[in-house]
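Chain by chain, the residues:
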Amino acid sequence: MDIFGVPIQALMGQVLIGLINGGFYAILSLGLALIFGLLNIINFAHGAVYTAGAFVAWLLLEHLGIGYWGALLFAPGIIALIGIFLEKTVVSQIYRQDHLYGLLLTYGMALIIEGGFRQVYGVSGIPYNLPAALSGGVNLGFMYLPIYRGWVVVVSILVCFSVWYVIERTKLGSTLRAATENPALTKSFGINVPRLITLIYGLGVGLAAFAGVLAAPIYQVNPLMGSNLIIVVFAVVVIGGMGSIMGAILSGFLLGIIEGLTKVFYPPASHLVIFIFMAAILLIRPAGLFGRKQ
Amino acid sequence: MNNISPTKTPVLKVENLEAWYGESHILHGMSFDVREGEVVTLLGRNGAGKTTTLRSIMGIVETRTGTIEINGKSALSVPAHKISPLGIAYCPEERGIYKSLTVRENLMLPPVIAPGGMSVDEIFDLFPNIAERLNSGGGNLSGGEQQMLAIARILRTGCRLLLLDEPTEGLAPVIVQAIGRVLKMLKARGYTILLVEQNFRFASTVADRHYVVEHGQVIDEIANSDIGRESARLHEYLGI
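Protein chains in written order, with the working numbering: chain A, 1 to 294; chain B, 1 to 240.
No lab work stands behind these hints, which were simulated from the structure alone. Since we're looking at a predicted model, the values are computed, not measured. Among the clues, some could well be false.
Only part of the chain A face toward chain B is listed, based on derived beta-carbon distances under 7 Å [unchecked claim]:
#1 G77
#2 E181
#3 S188
#4 I191
Taking beta-carbon pairs under 10 Å as the criterion, some of the chain B residues facing chain A (in silico) [what the hints assert, rightly or not]:
#5 P79
#6 A80
#7 R104
#8 I154
Beta carbons: idealized from backbone N, C-alpha and C, even for Gly.
Model the full assembly from the supplied sequences, consistent with the hints where possible.
Structural data, given as structure tokens:
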């Protein structure tokens, strides 16, 4: 069976890859949107944190014998603690400064993290084996689905919507939204906004590290894996609307699929399509798909 | 300035308060106090520094010197989020209703600081409109509803000292009357209120004392019982 002259297996294969990439885009842009909303900092270190998540997973396996399942829990935890320490000591110094300083600081942090991994481990990439329980695949009739890839899609959807639920439907979430919308007034109610900021930075980088662990078996562990992704992720955040949680999630998956479909129908444009889409959205809706006008 | 304050202990004492917005020096030595159970107003023209005074007390304006004591404890050098727990709650001029929160979330946002705050049921009795709109977005309320919600949410906290910044501004007369009733009820219950008002006629119906603010200083103090006699002076200060 063909659709527009493309075999359905090829089409579905690219949609699946699109969904997987979309899952990574969504988790990363979700963290970026959270951090931008509350800290007003564009976290350029986000891609490097994703890389660090994959490296920590590999290091846990190599040196402590902790496998994939442990890494899924511990790598984001370790990275979140490091992020909390950095927020308290370094990042918090620049909240009163212009955006440019936050950009320079986090870009510098990204260079240090990626440069460090490159120095020690080189750029060739280290394989990370699939966990045994998720290897193999199933034949769905219209396509062959590697189980691990299906797992990545399901987990990223679950993680994104859990975070969305906490932000939009719980007391903690309403406090976070209040602190994002009007931090000074929120403090005047006796709410410890600086602690919320630290928590959100920890959560944002923890999410990025989680995506890094998920990606390790698919892409190998490579010092540059994050910088390849981060530019697209910024485009996703802009398309979704700066600071919009649902916007970041939905446009993450949407753009993954658009990118995948472009690979089927006109491969040369597949790296470009997201940015063309971004330009078009910004022309029609300058605040992004889900953004509120300022 | 003649001393016409009752002799109860001040729950809010401001002395020689100076405050800055960036480079601009707004408050030039504000001094006044508010005693337990009193309703005290800050009167004055636009730009006199009334709102800045409230924002300085709450730590929203951070660059400030002098003395601010709330229930006997200094509020000057503590972080902004530790000021309300001293027993004070603030309702800002722009109401400060969060658009990204529902009415219910707005109402429940401020943490309870002390026991004895109003229950949600009491609040709904006082402001029936809020009970009807709990699931609306905060941004969908009318100006009057926003004002009522902004007052309602700080009554839950158990704070007994309230700072209210122009609660009647821009509202229809019937809503101004409703807010006046709420303030009288709060006064009867022993709340202490520092009120910033442009609407002097409204202020005179609820207040015990008035401080006149000009150029970031208190320039006069008038007891509410004297306003008949002092109306010429007030006209001069306020241009009313």
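Verification of the hints:
1. G77: 27 Å, violated
2. E181: 5 Å, holds
3. S188: 4 Å, holds
4. I191: 6 Å, holds
5. P79: 7 Å, holds
6. A80: 4 Å, holds
7. R104: Holds, about 9 Å.
8. I154: 8 Å, holds
The structure fails hint 1 only (numbered hints given earlier).
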